[in-house]
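S.K.: Top line first, the protein sequences correspond to chains A and B. Okay, so the first sequence: first residue is 1 according to my numbering, each after it adds one. Okay, so the second sequence: first residue is 316 according to my numbering, each after it adds one.
There's no promise every hint is true.
[What the hints assert, rightly or not] Far from chain B, some chain A residues (derived; all Cβ distances over 10 angstroms):
| hint | residue |
| --- | --- |
| 1 | 20 |
| 2 | 69 |
| 3 | 76 |
| 4 | 173 |
| 5 | 174 |
| 6 | 231 |
| 7 | 275 |
[Claimed, not checked] Listed below are the simulated EDC-like cross-link pairs for lysine to aspartate or glutamate, each with C-alpha atoms no more than 20 angstroms apart in a straight line:
| hint | chain 1 | residue 1 | chain 2 | residue 2 |
| --- | --- | --- | --- | --- |
| 8 | B | 473 | A | 53 |
| 9 | A | 127 | B | 624 |
| 10 | B | 473 | B | 486 |
| 11 | B | 344 | A | 200 |
| 12 | B | 473 | A | 54 |
[To be verified] DEER-style ranges, computed between Cβ atoms:
| hint | chain 1 | residue 1 | chain 2 | residue 2 | range |
| --- | --- | --- | --- | --- | --- |
| 13 | B | 381 | A | 156 | 23 to 29 angstroms |
| 14 | A | 21 | B | 491 | 42 to 48 angstroms |
| 15 | B | 578 | A | 66 | 31 to 37 angstroms |
Because the hints were derived from the structure by calculation, they are not lab data. Small disclaimer: the values here were computed from a predicted structure and weren't measured. The beta carbon of each residue, even a glycine, is placed where N, CA and C say it ideally should be.
What follows is the residue order along each chain.
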Amino acid sequence: MTAADLILASSRPRRGRRSLFNRVVIYGLLLIFAFIYLIPFVVMVLTSLKPLDEVTGGNMFALPHDLTFEPWIDAWGKARIGVSETTGIAAYFGNSIKMVVPAVIISTLLGALNGYVLSKWRFPGYKLVFGMMLFACFIPLQSVIIPMAVILGWFGEIGNTLTDLTGFSFGFGNPTVNLIFVHTVYGLGFTTLFFRNYYETFPNELVKAAQVEGASFFQIFRSIMLPSSTPIIIVTVIYQFTNIWNDFLFGSTFAAGDQSPMTVALNNLVNTSTGIVEYNVNMAAAIIAAAPTLLVYVVGGRYFVRGLLAGAVKG
Amino acid sequence: MTVSIAPIARKAVRQPRALRGALQGLLPKLVLAPSFLLVLIFVYGFNLWTLFLSFTNSRAFATTNLVGLLNYKKLWDWTFETDPPSNWYTALVNMALFGSLYLVFCLALGLLLAVLLDQKIRGEGILRPIYLYPLALSFIVTGTAWKLFLDPRIGLEKAVHDWGWTSFHFDWVVNPRMMIYCVAIAGIWQTSGFVMAMFLAGLRGVDGEIIKAAQIDGASTFATYRSIIIPIMRPVFFSAVIILTPMAIKSYDLVLSVTGKNPGGAAELPSTFMYSYTFSRNQMAIGSASAAIMLMTIAAIMVPYIYSEMRENVR
Chain A
1 MTAADLILAS SRPRRGRRSL FNRVVIYGLL LIFAFIYLIP FVVMVLTSLK PLDEVTGGNM
61 FALPHDLTFE PWIDAWGKAR IGVSETTGIA AYFGNSIKMV VPAVIISTLL GALNGYVLSK
121 WRFPGYKLVF GMMLFACFIP LQSVIIPMAV ILGWFGEIGN TLTDLTGFSF GFGNPTVNLI
181 FVHTVYGLGF TTLFFRNYYE TFPNELVKAA QVEGASFFQI FRSIMLPSST PIIIVTVIYQ
241 FTNIWNDFLF GSTFAAGDQS PMTVALNNLV NTSTGIVEYN VNMAAAIIAA APTLLVYVVG
301 GRYFVRGLLA GAVKG
Chain B
316 MTVSIAPIAR KAVRQPRALR GALQGLLPKL VLAPSFLLVL IFVYGFNLWT LFLSFTNSRA
376 FATTNLVGLL NYKKLWDWTF ETDPPSNWYT ALVNMALFGS LYLVFCLALG LLLAVLLDQK
436 IRGEGILRPI YLYPLALSFI VTGTAWKLFL DPRIGLEKAV HDWGWTSFHF DWVVNPRMMI
496 YCVAIAGIWQ TSGFVMAMFL AGLRGVDGEI IKAAQIDGAS TFATYRSIII PIMRPVFFSA
556 VIILTPMAIK SYDLVLSVTG KNPGGAAELP STFMYSYTFS RNQMAIGSAS AAIMLMTIAA
616 IMVPYIYSEM RENVR
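In isolation and in its complexed conformation, chain B is listed as follows (with noise of 0.2 angstroms):
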C-alpha cells in the first residue's frame, strides 16, 4: 500500500503548506457543491414551483395569480365525472388497470424465469439475455414493434387467419376500450426480465445448505421453493415493486407509441394527461396539480424507503 502512495507524496510536500491546508479541507464541499446546487435548484426548487403554479391559473404562460385550491377541486370532480368519462377519470382508471396488471405480471413472469433459470439449467448464458434485452430498447421501439405486432391488418390477427383460424379477432390495439391493455403487455415485455434478473440475484445468494436440509427431509422442489426460498426473496419482491410502481406512474412514451399517439385520449394515464393539459390545451394549472399529484404519490412510496435504506446502510 505505502509502496503505491510514496510517489503522490514525495510530488505533494512540494507545495506551500498553509494555503494548502486550508484549501484541503475546503476542497470536498467545494467539489459537490455544483451538482448539490443543481439538484436543489432543478430538482427540488422546480419541484415546488410546479406545486405553486398548481394554485395558480395559468393557462399557456406561467401566472403568479393565486387561485388557491380551485385546481385540486376540478381534478376532484373529474374523478367522479364518469358519463361521459372525464379524461382524468379515465387517466386514473387506466392507471389502475395498467400498473397492477404491469406489477403482478412483471413479478409473477419475473419468479417464474428466474427459479426456472436457477435448476441448473444448461444454456443460461444464452436464455438470460434473451429475457433481459428488451429492457435495452427504449419505450419507442417496443412500442414501434408491439403495435405492429398487433395490428389486426398485418399483425398476429393476420397471421392466424392466414394459417386457416378464421374466425380469430384480436384488436385490441386499435380498439379505443382495449388499448391501455396492449400498453400493458408492451411493458411487462419490456420490463419483466429486469425483475428476472433481480430474483435471480436474490435466488442465487440463498444459502444451499437451508435448500440441502430441506431436501433431506424430504420436501419437494415445489415445496422447497413455496415454503423456504419465496419467503426468503421478501425484500426482492418488496424492491421490485419500489422500482416497478414509480416506473409505472412515469410511463408515458409507451403510451403513445404502442397506441400512436393515444388516440381521443383512449389509453390515457396521468403522465399523458399531465403533457396534453400542460402543451396543447393550455391549461397549465392543471397540469401542474397533476404532475403535484404524481409526485406526491412517488413520494410517499420512495421517502420511508430511502429513509429506512439510509438509517440501515450509511454508517
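Pulled out of the complex, with its shape left as it was, chain A reads as follows (with noise of 0.2 angstroms):
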C-alpha cells in the first residue's frame, strides 16, 4: 500500500453519511432509469395478453385479468395485413427469414475478403479505395433508392424476359432476390470496416511469412486468418441481421404486398385503416417481429455491444 492509498482509505470513514447518501440517489436514478427504459416493453407484452375489451377498458399498467393467448394465435395465423387475405404476420416472418439469411451470409464474407485485402495487401490508392467504402456507410439512403426502382424495374424486365425465353426469371424481379442485393451491397462498407479494423491488428509478419513460405492468398486467409476470425464475424453477422431484419425503407420500396419484409407488414397491420383496432393483436405481432434481434441481443449481447462501437468510433 502505498501513502496515498492509505490516506484515501483512511480518509474514507469520514465520509460515511455521504457516502450512503451518494449510493441511495445513484441506486435510485438507475433503477428510475431502468424501469423507463422497460416499461414500454413491459406495457406491450402486458396488451398482447389481454381480450381487447380489457384493453379498451382497462389500465394499461395493470396486470391481465382474463389471461389470454389469443392475441398471439390470431397475429401469427388470423390477422389481416393491410388489404390483403387474413394470412397473419407467419407468411411475412418467412419473407424476413428468406431474406435475411442470404444478405448476412453474402456481405460478411465479401467484408472479410475485403478487410483481409485492406489490410495485408495494400496496393497504391488502396486508402481512397478505403475512404470511398467507408463513406458508402453514412449516405442518406433516400438519395439512392429513386435510381434503385429504376435499376431494379429493369430487373423485373429481363426476368420477364428470361421467364418467356427458358421459363424461368434466374431470380431476376424476384423481390426477395431484390432485397438480398440491395442489403448486401449497402451492407459491404460496414462489414469491410469490421474486418479491415479488425485484421489492421493483426502481426503483419505471420502473413509475410507464409507468402515466403509460399502460401497462396486465399490459403493465407482460410488458415491464418479465418481460425482467428470468430469473434468479428460474430459481431458482424448480429450487426447485419439487426440491420437488416429491422430495415423498413428497403423492404417498403422495393417489395409490396405478399413479398413484403416483416416490418412493413407490422406497419400495415398497426395502420390498417379499415376495421376496429385489436391494439392486442398488434402488440403481439410487434413483440414476434422484434423477437429475433431480441434473442440475438439476449444471446451474443456482448458481441452486439462491440459491433455498435465498431461502426461507430472507429467510423
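Since each chain comes alone in its own frame, lean on the hints to assemble the complex.
M.R.: Dropping the structure here:
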C-alpha cells in the first residue's frame, strides 16, 4: 500500500454518511431509468395477453385479468395485413428470414475478403478505396432509392424476358432476391470496415512468413486469418442481421403485398384504417417482429455492443 | 508460428510457379474489385444519378429534360412559405426541433447513465443491458410501442385518470402540432442507451491514476467529473454527435410508426418529404432535390471526419 492509498483509506470512514446518501441517489436514479426503459415493452407484453375489451376499457399497467394467448395466435395466423387476405404475419416472418439469411452470409463473406485485402495486401490507392467504402456507410438511403427503383424495374423486365425464353426468371425481378441484393450492396461498407479494423491488429509478420513459405492468397486467408476471426464474424453477423431484419425503407420501397418483409407487414397491420383496432393483436405481432433481434441481443449482447461501437467510434 | 504455416506451404509448392506468381499479384485486387465496383455504381453512381434527376422535370417517371435549378428554387421558396406552412417548411422546422432534442437528450442521458454506471455499482450486468435493449428493436416496433403507450384513449392519459388524477391531459401523439415531440421521445428512448455505451467505454479508458490524484487533492466526485473526466470525454462527445446527426437526418420509419403514417404531414421530416413527393405525389425531381440536400448535409459532416480519421489511423 502506498502512502496515497493509506490517506485515501483513512479518509473513507469520515465520508460514511454522505457516501451512503450518494449511493442511494445513484441506485435510485439507475432504477428509475431502468423502469423507464423497460415500461414500454412491458406494456406491450401485458397488452398482448389481454382480451380487447380489457385493453380498451382497463388500465394499460394492470396485469391481465383474463389471461389469453388468442392475440398471439391471431397475429401469427389470422390477422389481416393491410388490404390483403387474413393470413397473419407468419408468411411475412418467413419473407424476412429468406431475405436476411443470404444477405448476411454474402455481405459478411465479402466484407471478410475486402478487409483482408485492405489490411494485408495493400496496393497504391488503397486509402482512397477504403475511404470511399467507409463513406458508403453513412449516405442517406433516400439519395439512392430512386435510381435503385429504376434499376430493379429493369431487373424485373429481364426476369420477364428470361421467363418467356426459358420458363425461369433466374431470380430477376423476385422481390426477395432484390432485397438480398440491395442489403448486400449497402452493407458492404460496414462489413468491410469491421473486418479491416480487426485484421489491422493482426501481425503482418505472420502473413509475410506464410508468403515466404509459398502460401497463396486464399491459403493465408483460410488457414491464418479465418481461424482467428470468430469474434469479428459474430460481431458482423449480429450487426448485419439486426440492421437488415429491422430495415423498413428498402422493404417498403422494393417489395410489395405478400412479398413484404416483417417490418412492412407490421406497419401495415398496425396502421390499417379498416375495422376496429385490435391493439392486443398489434402488440403480439410487434413482439413477434422484435423477437429475432431481441434473441440475438440476449444471446450475443457482448458482441452486439462491440459491433455498434466498432461501427461508430472507429467509423 | 512456422509450425502452423509449414503444411500450407508444402501444399502450395506443388502448383506450377509462373502462372501462380502472376495470378497471386493480381488476386487481391480481383477479390476487392467486385465489391468496390458495386459501391462505385450503387453508392456513388446512384448519388450522381439522383443529383442529375434533381435538375430535370421528372414526375412519375425519370426524364432527361433539364430545367436547371428550378427544383432547388422551388424548395428555397417553400422554405419561407410559412402561411400556410409548406410541407418543406414543416419538414425543416421539425428537423431542427427533432434533431436538437434528439441530440441533446441522447447525449445528456447517455452521459448521465454512463457516469452513474461507472460508480462501481452492483448489478451493472443487469442494468446496462436494460438501457441498451431498445437498440435491438426496429423503429417500427419502437414506434408501435410508443404509439400505444402515449395514446390518450388507452395509454398513459387513461392510466393516470384511472389512478385518480382526472385533469391530467397528455394527447401529444394524436395532436398534429405535438406529434414530432413524440417521435423525439421514441427516438431518444431507442438510442440513448447506445450513447451510454459509448461514454461508458470512454470512461473505462480513463486512467485511474488521474482520478486518484484528484481525490487526494480533495476534489469531490462531482468536481472530478466536471473538471477532469468530462473534458477528457470530448472525443466521445464528438463521435456521438457525428453518429447521431446522420441518424436524425435519416429518421423515417420512426415518424411513420409513431404518428400512424404521418397524417397530414404533421410530423414531416426531410426523409418523409422526399418519400411522399417521389412515390405518392409524382414529383420525382423535387424528391431528388430534397434527397440531394440531405446527402450534402450528411457529407458536410462525414467527409471531413472520415478524412481526418484516415489521416490519423491509416498508415
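S.K.: None of the hints should be skipped; say for each whether it holds.
M.R.: Evaluation of the provided hints:
Listed as a non-interface residue, residue 20 (chain A) keeps its Cβ farther than 10 angstroms from every Cβ of chain B; the least gap is roughly 13 angstroms. Every beta carbon of chain B lies more than 10 angstroms from that of residue 69 (chain A), the smallest distance being close to 19 angstroms; the non-interface claim holds. No beta-carbon of chain B comes within 10 angstroms of the beta-carbon of residue 76 (chain A); the shortest separation is about 16 angstroms. Non-interface status of residue 173 (chain A) relative to chain B is upheld: no Cβ of that chain comes within 10 angstroms, the nearest being about 18 angstroms off.
The beta carbon of residue 174 (chain A) sits about 18 angstroms from the closest Cβ of chain B, which is more than 10 angstroms, so the claim that it is off the interface holds. Once the 10 angstroms rule is applied to beta carbons, residue 231 (chain A) is consistent with being away from chain B; the minimum gap is 16 angstroms. Listed as a non-interface residue, residue 275 (chain A) keeps its Cβ farther than 10 angstroms from every Cβ of chain B; the least gap is roughly 15 angstroms. Proposed proximity of residue 473 (chain B) and residue 53 (chain A) is supported: the alpha carbons are some 14 angstroms apart, at most 20 angstroms.
Distance check on the hinted pair: residue 127 (chain A) and residue 624 (chain B) sit about 11 angstroms apart at the alpha-carbon level, within 20 angstroms; holds. Restraint check: the Cα-Cα separation between residue 473 (chain B) and residue 486 (chain B) comes to about 10 angstroms, which is no more than 20 angstroms; the hinted pair holds. Between residue 344 (chain B) and residue 200 (chain A), the direct Cα distance comes to roughly 18 angstroms. Compliance with the 20 angstroms bound is thereby established for this hinted pair. For the hint pairing residue 473 (chain B) with residue 54 (chain A), the CA-to-CA distance comes to about 13 angstroms; that is within 20 angstroms, so the pair holds.
Distance hint for residue 381 (chain B) and residue 156 (chain A): a CB-CB separation of about 28 angstroms, consistent with the stated range 23 to 29 angstroms. In this structure, residue 21 (chain A) and residue 491 (chain B) meet the distance hint of 42 to 48 angstroms, their C-beta atoms being roughly 45 angstroms apart. For the pair residue 578 (chain B) and residue 66 (chain A), the supplied restraint of 31 to 37 angstroms holds, since their beta-carbon distance comes to about 33 angstroms.
Checked against the numbered hints above, the structure violates none of them.
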